[in-house]
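For reference, the chains in residue letters:
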Amino acid sequence: MNPELKQALVDYLLAMADDELILGHRNSEWCGHAPILEEDIAFANIALDEIGHAIVWYELAADVLGEERDTYANRMVYFRDAPDYRNAQMVELPKGDWAFTMLRQYLFDQFEMVRLEKLTQSSYTPLAEAAAKICTEEIYHLRHTQAWVRRLGLGTEESNRRMQTALNELMRYYEQLFSPSLADTLLFEANIVPFQTELMVHTLELIVPFLVEANLIPPRGSNFVGPNDVIYRHEHTEHLNDLLSNLQQVARLDPMAKW
Amino acid sequence: MTDTQWPRYMVLHQEQDNKPHQHAGTVHAPDAEMALLNARDVFVRRPDCVSLWVVRADLIFTRTQEELALHPDWLGNIQAAGVPTEIYYVFAKRTQKGQFSHVGEVEAENPAHALKMALQQYPAVDGLVWWVFPAKAVLKSTPDDIEAMFAPAAVKDFRDQANFHALSVLRKLMRKQETSNEP
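For the protein sequence lines, the chains are A and B, in the order given.
Heads up: the first sequence runs through residues 0 to 258, numbered per numbering that gives the first Met the number 0.
Heads up: the second sequence runs through residues 0 to 182, numbered per numbering that gives the first Met the number 0.
Take these hints with a grain of salt, some might be off.
The calculated DSSO-like cross-link candidates involving lysine-lysine, where the alpha carbons are at most 30 Å apart (straight line), are [claimed, not checked]:
(1) B:K155 <-> A:K94
(2) A:K257 <-> B:K171
(3) B:K175 <-> A:K257
(4) B:K155 <-> A:K132
So the derived label-pair ranges between C-beta atoms look like this [as the list claims (entries may be wrong)]:
(5) A:S178 <-> B:E146: 28 to 34 Å
(6) B:P6 <-> A:P125: 33 to 39 Å
(7) B:L172 <-> A:N245: 27 to 33 Å
Since the hints were derived computationally from the structure, they do not count as laboratory data.
Yeah, the Cβ is synthetic: ideal placement off N, Cα and C, and Gly gets one too.
Chain A extracted, bound-state conformation (with noise of 0.2 Å):
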């Protein structure tokens, strides 16, 4: 693989990374505080996997940099700012009501169930074969967020507001993780990655439909924000730096420290 070529891989497994890294510190903050029992068990289990699949991709990214796994992943996680970041913007949003919560797991959940099908056929086969086993667990992911979203769409009235809400505020930011970048562009030449474009309307062709049988207004066509809205990766809202500051803290402390 050609220096180039490198770099864009390991910032395209660095942004899937980020995305599950930031998203699952978030759902973990329902720890305790879910609505009921069972699904504060569940809703942890999530969280937890969507950790897991981040420390999934900064293994890649460290062996593909050459560099010591562990090592490499608790740099990345602990002592990056937010800058450094290439997570999108929708999974550092604060969790906010339990509707927004569910939406954006849910939105999430098919993005990444539709992109995780599509780099199962990588050229580059580490990615393929780690994708085919996130692939499993995202299939319960996706089940249950969209238990979530039928029953909340189609609930009370209350219930319809706050997702109908929740949906207007996160597709503002939907679009930007698929909005491809040049480096994006050299992996999909190279067979590695999908095309960014097609994602997005894979995606879409999912889960419109989906969600005009819970009773909600899903966003008109495709183009939901508008050329002159493009988010960049390396742009975060300032609820980053608060995550980031909770996330980060212990470790900081004493970053000698052997655990």
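Model the placement of chain B on the given structure of chain A, informed by the hints.
Chain B only, in chain A's frame:
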């Protein structure tokens, strides 16, 4: 006052194909589908699950050995009325510490009739407590669910309490302290 609590579902899980379903515990859920999902998260954190059933707790007809002994006429008075029958699952708890486990099926007209049939059909089972419930009241996982619902637990050893050694480490430290305190 309205009860806002969701109904309870009994969770029955099977560890291997050749073993009976056993009672794992209960979950609250608004409906059977959510109950099945909740059951997976609460009770399949460790591997060894090939099938999961959920049934609404209030659809389970139950009698203890003492109740049956106290009212010997009760069973005798139950007669078939010639109305349509359906399949009932029979579960029994055989030891104080043991869980309810699947004994078999009977065809009966109603829950009480099902229990009478069960006692006749399975005389060798010394049940301390019996459960019967209509087979159609059960929501079951499908063989397709195994990979997504149960298989991932096998690689998540961090969910298994046996992998957390805090307690044994703590005991070791305390032992050390005790020895060093000795004169």
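So, going through the hints one by one against the coordinates:
Between the alpha carbons of B:K155 and A:K94 the distance comes to roughly 26 Å, so the proposed pair stays at or under 30 Å and holds. Our distance criterion of 30 Å between C-alpha atoms is met by A:K257 and B:K171, whose separation comes to about 20 Å. Using a Cα cut-off of 30 Å, the hinted pair B:K175 and A:K257 holds, with the two alpha carbons roughly 22 Å apart. Between B:K155 and A:K132 the alpha-carbon distance is near 13 Å, which keeps this suggested pair within the 30 Å criterion.
Taking the beta carbon of each, A:S178 and B:E146 are about 33 Å apart, inside 28 to 34 Å as hinted. Taking 33 to 39 Å as the suggested C-beta distance range, the pair B:P6 and A:P125 does not conform, at roughly 47 Å. Distance hint for B:L172 and A:N245: a CB-CB separation of about 30 Å, consistent with the stated range 27 to 33 Å.
Comparing the model with each numbered hint stated earlier shows that hint 6 is the single one that does not hold.
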